[in-house]
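Enquirer: So you can see what is in the structure, the chains are spelled out below.
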Amino acid sequence: MSRRILGPFNRVEGDLEVILDLDAGQQVAAARVNSPLFRGFEQLLLGRAPLDALAIVPRICGICSVSQSVAAASALAGAMDIRPTANGARATNLILAAENLADHLSHFYLFFMPDFAHPAYAGRPWYEATASRFAALRGSAAGQALPARAGLLKLMGFLAGKWPHSLGLQPGGTTRALGASEKIRVLAQLRECRAFLETTLLGDRLEALAGLDSPAALAAWAAGRPGDFPAFLALAADLGLERTGRAYDRFLSHGAYPEDGAPLFPAGFWQPDQGLTPLAPEQISEDSRHAWLVDEEGPLHPRNGLTRVEAEKEGAYSWCKAPRYAGQPLEVGALARQLVAGQPLLQELVRRQGASILARVTARMLELARVLPAMEGWARALEPGQAYCAPGTLPNEGQGAGLVEAARGSLGHWLEFRRGRISRYQVIAPTTWNFSPRDSRDQPGPLEKALEGLPAGPEAPPLVQHVVRSFDPCMACTVH
Amino acid sequence: MSQNLRLLWLQSGGCGGCTQSLLCHERPLFAELAGAGIDFLWHPGLSPASGPEALQILEDAASGAAPFDILCIEGAMLRGPAGSGRFHLLGGSGKPMTDWVARLAARARWVLAVGSCTAYGGLSAATPGNPLEACGLQYEGNGKGGLLGREFRSGAGLPVINIAGCPTHPGWIVDTLETLAQGGLVEDELDELGRPRLYADQLVHHGCSRNEFYEFKASAEKPSDLGCLMENLGCKGTQAHADCNTRPWNGAGSCLKGGYPCIACTEPEFENPGHPFLETPKVAGIPIGLPTDMPKAWFVALAALSKSATPHRVKENALADHPRVLPVQKKTGLK
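Top to bottom, those sequences are chains U and A.
Be aware that the first sequence starts at 3, since it is given in the numbering used here, and climbs by one per residue.
Be aware that the second sequence starts at 39, since it is given in the numbering used here, and climbs by one per residue.
Same shape as in the complex, but just chain U:
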């Protein structure tokens, strides 16, 4: 048995350390994931005015900033017993979708694909073209992808003032009412984004990809097609990425993008053999057994959660708590969201071979194809002259929960305030689920499970890198 410590594990958001115990055959016998940075936002928020959360929580994370805002605004709206106006709900969907889709682009072009320019792959038939297109900082793709991403985020300039860290997302809706001309600008910006996705990334209409209903249809669609995603599919087939990176095959989604009550992507819990069951938020708990945090009360529902540092703690190896659903680890993210939403291609892929690098990346591409047309619909439905933000009054005491979907998966905020001040604030971010450490029953977290059995000696191809990045981790959010 030997140990490898991988860190700083870069091209993820924030700092990450992965500790691998290798067996005699240089395969991973056990993995431990350390989130090495602690900032303590849950303590920072105590004693603040409840609405201060709207200024503070976006700063939990510079890449999921809006999703943090939406979760806080939703928790506060519950406590205030108000609902966003119709325009406010559409604008919130547009703002959150812009962030989520921009993050999918950042992940594919900046974080994930550059690994296939690794010299370990020199000699593969696709290597030269891939390295020239995707090499970190030097490849030709970033020069197109970054302006496309910035273009998508120009929606924020119209709808949210700026990104990241907008204060425009409020319990009653949004603070920026668009005029007729600005609505036209938003639609033009979305057309530009559609053109990039269809021309450069996919090589086809968004609707064509969104309509594929099986892995066989995806393979037939991709064959010989120009575009960055088809190029990935070709190399993924060569490397067998559909067989690598399986975790627990248990998937959760809070549901995303409410439209007149029903979300575009519904909430639920999905397993390949049992299908879909309703989301039961009461089943969520956090276990701090292996975190440098006090855990004497055992696993707690976040409504009663605690965050207290215990830096010298036997058996701890991360600052991250371990969220569990009915006591078990599960995976969140675009793949989970699409499985819960019934996407047939991904369901068949996971039923056949389990979650994988291929399934997670394909889920993000399908989401780009499904969400951008929905954004066009929300933008067209904006009604100039109608209210964007419903007024509301904050009671002196209250509580609320905000359950949303960030790019990387399910994000929850649980808030309680007394005498006009925040008395408890707990956050479970997507990567808290996916990159959790072990729990009191010693069950590994999802990434820890997914890395088991992979070749990881010094000469191994960068499979560990692909699997880690296939989750698109956000370490800033993870511990917060």
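By construction, these hints were calculated from the structure, which means they are not laboratory data.
Incorrect hints may have been included.
Said to hold, decoys possible - Here are the simulated DSSO-like pairs of lysine-lysine, each with C-alpha atoms no more than 30 Å apart in a straight line: (1) A:Lys368 with A:Lys353; (2) U:Lys185 with U:Lys315; (3) A:Lys320 with A:Lys334; (4) A:Lys133 with U:Lys451; (5) A:Lys373 with U:Lys185; (6) A:Lys368 with U:Lys185.
Claimed, not checked - Label pairs and their in silico Cβ distance ranges: (7) A:Asn249 with U:Ser442: 54 to 62 Å; (8) U:Gly300 with A:Thr330: 52 to 60 Å; (9) U:Thr201 with A:Glu230: 33 to 41 Å; (10) U:Arg305 with A:Asn249: 39 to 47 Å; (11) A:Ala341 with U:Arg382: 40 to 48 Å; (12) U:Gln285 with A:Gly183: 42 to 50 Å; (13) A:Ser122 with U:Leu48: 19 to 27 Å; (14) A:Ser101 with U:Pro457: 28 to 36 Å; (15) U:Ser442 with A:Arg362: 57 to 65 Å.
Values in this document were obtained by computation on a predicted structure and should not be read as measured data.
Ideal placement from N, C-alpha and C gives every residue a C-beta, glycine not left out.
Mind docking chain A on chain U? Use the hints.
Expert: The following block gives chain A in isolation, referenced to the frame of chain U:
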């Protein structure tokens, strides 16, 4: 390539949002920086090298074996608990990030604090009692000191360059870096809080699209109102230094254009204003935080006068989310 400036970037006690904001730059970022003569030696979010290979790059830079030019740090310095730095041990290294930063800063020609948490401590230092023992590179809140100490000078003879903001505008970073590549930056180009004057000489108020409402003290009362945000909703744009309303965010925006107040995120200790962010603290109905350079008596007198002279249009629109009363059309030709 060898004459290009080599840029090393590290992240610690922050959210990574200044890098994310930088990537919103209007033009292809990597090509622009390379064209200006700036190469990334390593950036945690962007570079190919990972794990041991990345640690070797950092070790060579810190030991002096591989000279570099610019050190950009993003995130507060977390010295706790109990001075150990364990709130952030750089992944794979087992060593506190504070140690890495101190060693690297001693080798850099220029040290840039990217974001208000890096410059002054920011939100990372906002928890009551500051249990993280968080500080900026050369400041601890308003006071000089921080990780590197008040006397610190980088190789080029400058204090830490504080690109304050939460987050920073991409233009503030890119323009500062390219100023360095153009032959450097002299101390006169920094303001008294170490911020590049290329963006910090202005007030957020300059170019504010709510200016007519400000002039007449026609104030917003609730989120999404069009009126001036200073009197009731906590706006500090008349005091905060930055060019947010003349240098657009994400193509077309700013906090004020977005309908919410400036919380003065470029200023030390903005994170603990002593009042709720979305409320203006007042004494006897008058805001405590008056515009920079404005004598209080004048402000009070002018505010009373302008309130009494507020046109109906401005008064009505201040409390709506879109203009309800439109400017009259002059029928005689404009003179």
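Enquirer: All hints, please: hold or fail.
Expert: Verification of the supplied hints:
Between the alpha carbons of Lys368 of chain A and Lys353 of chain A the distance comes to roughly 20 Å, so the proposed pair stays at or under 30 Å and holds. For a cut-off of 30 Å, the pair hint linking Lys185 of chain U to Lys315 of chain U is broken: about 55 Å separates their Cα positions. For the suggested pair Lys320 of chain A and Lys334 of chain A, the alpha carbons sit about 13 Å apart, so the restraint of at most 30 Å is met. Between Lys133 of chain A and Lys451 of chain U the alpha-carbon distance is near 27 Å, which keeps this suggested pair within the 30 Å criterion.
For the hint pairing Lys373 of chain A with Lys185 of chain U, the CA-to-CA distance comes to about 34 Å; that exceeds 30 Å, so the pair is violated. Taking the CA atoms of Lys368 of chain A and Lys185 of chain U, the gap is near 28 Å; set against the 30 Å cutoff, the hint holds. Checked against the hint of 54 to 62 Å, the pair Asn249 of chain A and Ser442 of chain U passes, with Cβ atoms roughly 59 Å apart. A hinted range of 52 to 60 Å for the beta carbons of Gly300 of chain U and Thr330 of chain A is consistent with their spacing of about 53 Å.
The beta-carbon spacing between Thr201 of chain U and Glu230 of chain A, approximately 50 Å, falls outside the hinted interval of 33 to 41 Å. The hint said 39 to 47 Å for the Cβ distance between Arg305 of chain U and Asn249 of chain A, and at roughly 45 Å that hint holds. The hinted range of 40 to 48 Å is satisfied by Ala341 of chain A and Arg382 of chain U, whose Cβ atoms lie roughly 43 Å apart. Between Gln285 of chain U and Gly183 of chain A, the C-beta spacing of about 48 Å keeps the proposed range 42 to 50 Å intact.
Take Ser122 of chain A and Leu48 of chain U: their Cβ atoms lie about 24 Å apart, and the range 19 to 27 Å holds. Taking the beta carbon of each, Ser101 of chain A and Pro457 of chain U are about 33 Å apart, inside 28 to 36 Å as hinted. As the Cβ distance of Ser442 of chain U to Arg362 of chain A is approximately 60 Å, the hint placing it in 57 to 65 Å holds.
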